[in-house]
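*Asks:* Hey, can you piece these two chains together into the complex? The hints should help.
Protein chains in written order, with this note's numbering: chain E, 9 to 275; chain F, 14 to 325.
No lab work stands behind these hints: they were computed from the structure.
Here are some of the chain E residues that sit facing chain F, going by a computed Cβ distance under 7 Å:
no.: 1; residue: ALA21
no.: 2; residue: LEU28
no.: 3; residue: PRO31
no.: 4; residue: ILE35
no.: 5; residue: SER46
no.: 6; residue: TYR47
no.: 7; residue: THR100
no.: 8; residue: LEU127
no.: 9; residue: ALA206
no.: 10; residue: LEU233
no.: 11; residue: ALA246
no.: 12; residue: THR253
no.: 13; residue: ILE257
Every residue, glycine too, gets a C-beta built ideally from N, C-alpha and C.
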Amino acid sequence: MHSKAPWGLKIAAGLGLAFLHLPILLIFVYAFTTEEKSYQWPPPGFTLKWFGVAWERSDVWEALALSLKVASISTLIALVLGTLCAAAVSRTRFFGRETISLLVILPIALPGIITGIALRSAFNLADIPFSFWTIVLGHATFCIVVVYNNAVARFRRLSGSLIEASMDLGANSFQTFRYVILPNIATALLAGGMLAFALSFDEVIVTTFTAGQQSTLPIWMLEELVRPRQRPVTNVVAVLVVLMTVLPIIAAYYLTRDGEHSAGQGK
Amino acid sequence: MNSVVASTSPSRLARLSDYAWRHPKQVLLVMLILPVLWLGVVYLGSLATLLIQSFFSIDEFSGLIKHEWTLKTYQELFVPANLDIILRTLAMAALVTMASAILAFPIAYYAARYAKGVWKALFYIGIMLPLWSSYLVKIYAWKLILAREGILNWLFTSLHLDGLLNVYLALPVVGGSSLSVSYTGTFLVFVYVWLPFMILPLQAALERVPSSLLEASADLGASAWQTLRYVLLPLALPGLIAGSIFTFSLTLGDYIIPQIIGSSRLFIGQAVYMQQGTAGNIPLAAAFSVVPIVIMGIYLWLAKRAGAFNAL
Chain E
9 MHSKAPWGLK IAAGLGLAFL HLPILLIFVY AFTTEEKSYQ WPPPGFTLKW FGVAWERSDV
69 WEALALSLKV ASISTLIALV LGTLCAAAVS RTRFFGRETI SLLVILPIAL PGIITGIALR
129 SAFNLADIPF SFWTIVLGHA TFCIVVVYNN AVARFRRLSG SLIEASMDLG ANSFQTFRYV
189 ILPNIATALL AGGMLAFALS FDEVIVTTFT AGQQSTLPIW MLEELVRPRQ RPVTNVVAVL
249 VVLMTVLPII AAYYLTRDGE HSAGQGK
Chain F
14 MNSVVASTSP SRLARLSDYA WRHPKQVLLV MLILPVLWLG VVYLGSLATL LIQSFFSIDE
74 FSGLIKHEWT LKTYQELFVP ANLDIILRTL AMAALVTMAS AILAFPIAYY AARYAKGVWK
134 ALFYIGIMLP LWSSYLVKIY AWKLILAREG ILNWLFTSLH LDGLLNVYLA LPVVGGSSLS
194 VSYTGTFLVF VYVWLPFMIL PLQAALERVP SSLLEASADL GASAWQTLRY VLLPLALPGL
254 IAGSIFTFSL TLGDYIIPQI IGSSRLFIGQ AVYMQQGTAG NIPLAAAFSV VPIVIMGIYL
314 WLAKRAGAFN AL
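Looking at chain F on its own, in the form it has when it is part of the complex (with noise of 0.2 Å):
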């Protein structure tokens, strides 16, 4: 092994190579020394402050950050205008994940199962590039899409819809004056935006089931709707969940996409950035960011109980 020692002058180098095979240990340490304080001490060090901060509260008379324990500030988000934030931002995420998991699983399923030469990698190609494409063109896309003057609103008219288009935005909830300021905007962006993250996941989970089974299912005479809810979907939930707790946690951060398209009530992220910008209100904007933490810590603990992890 150390046959370079042989070497009747050994370089420096040569000696340095040596020390280094002896001690893989310290190698190990050089090698971890600067990941680990970046990610560690910046990174960590950063999230740490935040989240100290959250136990501090904001003086109401003067403003400025009171430096003592206090729950006080978690107490906040129990007002009923905030839990309302939570809540929406919660039903928004539930919805955009079923929604996304609903379109994405033809498209995995292809991809993964009948995609076969270019097409597979047309197929690759075609998830991989709207995933990486900008996520601010993609909602600007959206912004030109549903828009007044826009595309849909224009198809909507031209197939003689408008009326149907009117009565589905007079409806309490999902409606608005116009598509870009309705949840129904937002939502679907959402989707949009997150839709890839929940291809990749669930196609890689499909293309690990193996067919026989399938032609098993089908021998013992299920029909395809039977293998697909027996068989096929038990298969792929590790995948499903996978891809769920991107498109879940990434609606819960998100504070652009509401901003732009959507009605002016708050989602989570917009809390957390107005709280800490406008209001400057560091300790809820900090309160506010432990909710989408915890849900998600919460979530991942459920998707381990439920085996997501081992099956992947």
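The shape of chain E in the complex, shown without the other chains (with noise of 0.2 Å):
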């Protein structure tokens, strides 16, 4: 069969790339247009002005800053349990092993929504108000299995023979898991890490039930959204967004890859 791509494909995948691509780029353009009430295209002229105002916004501010603070506390907790739930899965065979994969994966594959409303009413039901804890438990929730999938596929490349080596010279079960184990699964973790950041950074769905009246920047777009008052703002914070997002997912690219080369392959 030949080994050259048919013009068709070529053409076919070359758009549907473009499809998934473009959108997102033309948020570029608009952040600098100098039309401020509607969506005019082709933008009338272009300015730098619209970054300045977004610069001065106080409640940008308190949204990213409340977004970054629940996205790192939610990923410090994910790590913490994705990497057990993971450990404990892959080094062991062990009565509901499976049942716990699915638990892991349940609060990602259920719509946002029921997560969403179930806490809420959970919150309501034991009279827990609504607070910055609130969004992180729901945020730590479904950033489990980010941490869990990546730990879990480094685990399972982790050969068991390393581990008992480690043993065998002596090193004791600590020792063995500081310079034998987290050095061979720090970088999926740190990986991990990322796409929950990410995740819980760009969350919506979830965040809408689990928060009262604090907003996180997306709760910030999105009113945004349903009632546009300052589009040149949500443009520039649109396109911060963007590259919030676009710098941690090509890093956590290359950590894995390179993960691709972790000790004791040959299993």
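*Replies:* Structure below.
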């Protein structure tokens, strides 16, 4: 069979990729438009003014700060819980192992609205007031799976003989963890952590149910989407959000790719 | 193994380590207790409280929840207005899934079979970036595109095809007063947002198809089309089904896309949102949210019967 791709396939794949990327690039153009009342295309003129305007907006900064705080803490919780789960599931076979994997995946497999409304009604029943921590609780729940997936994949590649060798050489469990296991899973955890961070930073559906009066950056965006008031500022914020998610994703890609050369592959 | 024990004064840490080595079950328990408590108690617990409420009903006069077991709320789902919402959502999910599969196939196939080296990395990032970039930003981009004064209308007008667009918008179901308030708009945004979820599993499945099979098919005289139909597609089916699980389930539960871009007719997600919010009818909201769970349960069961999981 021909090793070169047929033209039709090339064009279809190219068009598909263009379909995926052009809409996002369009926002970059809009961030510089001089038009502020409508989404007029082509833009009547270009200006850098809106970046300054957005910079001055305290509500944007507050939303950004809250989002970063929520994402950091949820990621930390997800890292601990996800790694523990992954280690348990991949290193031993035990009763209910399949159930645990299902349990981890469930929060992301079920529609976000169900997770959101379930948590909300539970908070209501338990008389827990909505706060920063209720947002974190929701986010950490669906971030666990991202860390778990990355960690499980790495644990599978990590050869058991390495750990046995470490023990044979006199290291105790903690030393083995610190000097053998951790260096081997570190990049997977970093990648998982970054993806969890990106997931939390962007989450809106569960957050609408678990946040009280506070607004994270996605909630701020959602309000602007439903009732546009500050179109130019929204354009700038959208561009910043894109840039902030692009970097961790590319970094995570390179981290997991290098991880393919992790020790003890010939298991 | 327990050479540490032999050292003259084992530290507390070392003793703990030895204990752990000798009691793997306890270690497992310690490792699992936190995640299981979090997911099993917090998450499943909340889910259960929600589902239980779907068996309660709302008192029509006081608007308060009656804590008596009843199936009345489920009956309400079959009122024509609510049934319409469910069927509309199902139809949309099915269409979005099919369109995503058609769009995803060439990208996934090219990435799996022809992209090499740098191109492979570029394709991967080219799929991962839209997958992970902000959901709201993606919807926002389409709000810009579909706006009346936006780029799509401009494009149609500059190409003197605005008549064609108007004819399309005048069509009964798919049309509307503008693209951004039509089902077509909702459909486009759904496809756009979920497409990467279809590409990735499809690509993974296509990568496992050995090229010798395709060569054999060609050697035996099959045309490219026949190879696609009788060799490639059946082998890619597990990936296609895996991807469709995502696109289908995500469309079923979404309430933000149809709220921002689309006609005012409701989808399941919006119905859940409205019932628990403005309407204050938690039992009906809970019953509505059982619908996607049941549908996905059936879907997964069918996929399993079709052998999609064995092949994965």
